[in-house]
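There are 2 protein chains.
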Amino acid sequence: MSDVQYDKLIVQEVAPRDGLQIEKTWVDTPDKVALIDALSTAGFSRIEAGSFVSPKAIPALRDGEAVFHQIHRNPEVIYVALVPNRRGAERALESRADELNLVMSASQTHNLANMRMTRDQSLAAFAKIVELTRGTAVTRNGTVATTFGCPFEGKIDEDLVTSIVDRYLELGMQGITLADTTGMANPRQVARIVKRVLGRIPASALTLHFHNTRGLGLVNVMAAYEVGARRFDASLGGLGGCPFAPGASGNICTEDLVNMCDEVGIPHGIDLDKLITLSRTLPALLGHEMSGQVAKAGRNKDLHPVPDGIVCM
Amino acid sequence: MSDVQYDKLIVQEVAPRDGLQIEKTWVDTPDKVALIDALSTAGFSRIEAGSFVSPKAIPALRDGEAVFHQIHRNPEVIYVALVPNRRGAERALESRADELNLVMSASQTHNLANMRMTRDQSLAAFAKIVELTRGTAVTRNGTVATTFGCPFEGKIDEDLVTSIVDRYLELGMQGITLADTTGMANPRQVARIVKRVLGRIPASALTLHFHNTRGLGLVNVMAAYEVGARRFDASLGGLGGCPFAPGASGNICTEDLVNMCDEVGIPHGIDLDKLITLSRTLPALLGHEMSGQVAKAGRNKDLHPVPDGIVCM
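Chain order of the listed sequences is B and G.
The numbering of the first sequence is full-length UniProt numbering, which starts it at 1 and goes up by one.
The numbering of the second sequence is full-length UniProt numbering, which starts it at 1 and goes up by one.
For reference, chain B alone in the conformation it holds in the complex (with noise of 0.2 angstroms):
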């Protein structure tokens, strides 16, 4: 890090969607919604707020489209859908969702596990669903899941990851995401990465997606911003996990992102205080505490009293 001027870094916010998809707790639709219009007068210029996916596979999130509906739209927000197949993806259209992620593994064996789909037909079904969005306002986003590593085949091809962003380019994506989906990411390969996929988009239309499921999470955001990447999925309060490793960290906390963001100096846009206070209701509403460290530590700033005997070594 140099004494520079940093560009701004847009942080997406993912709780309502990823951070509650693998909660073993309902939360009600009222609860959802208000969650979603807390963060949207946070600051935050994307929220992802939910799935189109069956209500079997995931029923956390059974009800989109009452979420959808209900939730009051911030004009200066884009809410984002995500949405494995056709179905989802006209549901989302009908909830009026901004924009749809499309989201597909580059592990076969992954994406044959969560999407019942080979890579080519999740491609097949992407391309209809790019003809239903053709001569609307809404906005395309292609995910690949597990692009840093696969919890079932191991390491990647980064010629893979490359190949799989070019379809989606050729099929009509406005963004990309490159989703480290299990934590398996390091700061050397998402370095690599980013360079390579920066080579055939704008950092503009780039998103990082990391998990914090092996403490590199934030080393990662990093690792990315230091070669052009500036816009990162974070979840408030690190909410989610990973289904392979209970009690495991899941997203990167939004509010850690953004606590370090503000230390270092790096523009961001959003009220950290709020974001704060927010994820502090988490615990309460889910029954559990979450592994942001920021709600539990406080910011640099908020100095303590000197106390009676030694405070630490």
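Keep in mind that a hint or two might mislead.
Note that the list lumps identical chains together, so a pair holds whenever it fits in one copy or between two copies.
Pairs of lysine-lysine, PhoX-like flavour, derived with a Cα cap of 25 angstroms [what the hints assert, rightly or not]:
| hint | residue 1 | residue 2 |
| --- | --- | --- |
| 1 | Lys155 | Lys274 |
| 2 | Lys8 | Lys301 |
| 3 | Lys56 | Lys301 |
| 4 | Lys128 | Lys56 |
| 5 | Lys155 | Lys301 |
| 6 | Lys301 | Lys274 |
| 7 | Lys195 | Lys24 |
Don't read these hints as lab results, they were simulated from the structure.
As the structure is a prediction and not an experimental result, all values here were calculated from the model.
Starting from the known structure of chain B, arrange chain G on it as the hints suggest.
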């Protein structure tokens, strides 16, 4: 990060000292000895095995003499003792510590609260301790606590930090540790300060001690490594905490750090599988979960069978 050959990163394991000092649960001497003995066979070249502080101040480590006498010394390992004053140094020398780690805070307020001494009084005490060790094989390390921020005073003047480093060197310290005592460092600041201090001492004499209180521990490691730092403190399981933030993380987690090194390709000489196995014994010993991630999530190479049903989007 570029595709280069990386220099070795040296990890000093501090769980037996910084990890245990804040624990509410008393750990019996044989359990402490067993922990240190296990760590002694995991590839570490340096272990901070205890502190010689007033037993009233830190009762959890009141058995320092017994621990140092009962451990099986691996001749490849330097066993370090933290020492705040002359009485502590005498106890450490009687206990055959290989190195004394002398600690004072850059923050006057923090040093007064912790040590009941001004910085000048600490430095005067250290001068006498240095005399005690002259003509022995015992080495001396000077730690600058609160280098990157103080929970009472806030920001710390960087010139003050380098002036303390200079005083330490004049006193005859052979090593310097810059400590982020309550997790307030950020990567930009770390790079700046490490560069300044590496203008005074070689990388082989500088240790960085980071806490993960606000989620930036490993980010700061990478920032320091990239500008030339090569020695880092870390604590098994992330054992340790912060007296001001119940539930927040303490020291950076050794196995998370070592796993990052493995993934990036930084050599370290430590047996990660052994660390993970050992870390997984800590919750039963101490009665709570650890903050480290890799012991929960496993390594990237620990692949999973393909489950029935959707895994994650």
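Should Lys155 paired with Lys301 be assigned to within, between, both, or neither, using CA atoms and 25 angstroms as the limit?
The answer is between: 9 angstroms across copies meets 25 angstroms, while 41 angstroms in one copy does not.
Tell me, please, which holds for Lys56 and Lys301 at an alpha-carbon limit of 25 angstroms: within, between, both or neither?
Close neither inside one copy (46 angstroms) nor across copies (31 angstroms); limit 25 angstroms.
For the identical chains here, do Lys195 and Lys24 meet the 25 angstroms Cα criterion within one copy, between copies, both, or neither?
neither (38 angstroms within a copy, 47 angstroms between copies)
Using 25 angstroms as the alpha carbon limit, work out where Lys155 and Lys274 are close: within a copy, between copies, both or neither.
between (39 angstroms within a copy, 23 angstroms between copies)
Tell me, please, which holds for Lys128 and Lys56 at an alpha-carbon limit of 25 angstroms: within, between, both or neither?
Within one copy only: 24 angstroms inside a chain, 72 angstroms across chains, cut-off 25 angstroms.
At most 25 angstroms between alpha carbons: which applies to Lys301 and Lys274, within, between, both or neither?
within (15 angstroms within a copy, 39 angstroms between copies)
Up to 25 angstroms between alpha-carbons, please classify Lys8 paired with Lys301: within, between, both or neither.
Within one copy only: 22 angstroms inside, 35 angstroms across.
This entry does not satisfy hints 3 and 7, going by the numbered hints stated previously.
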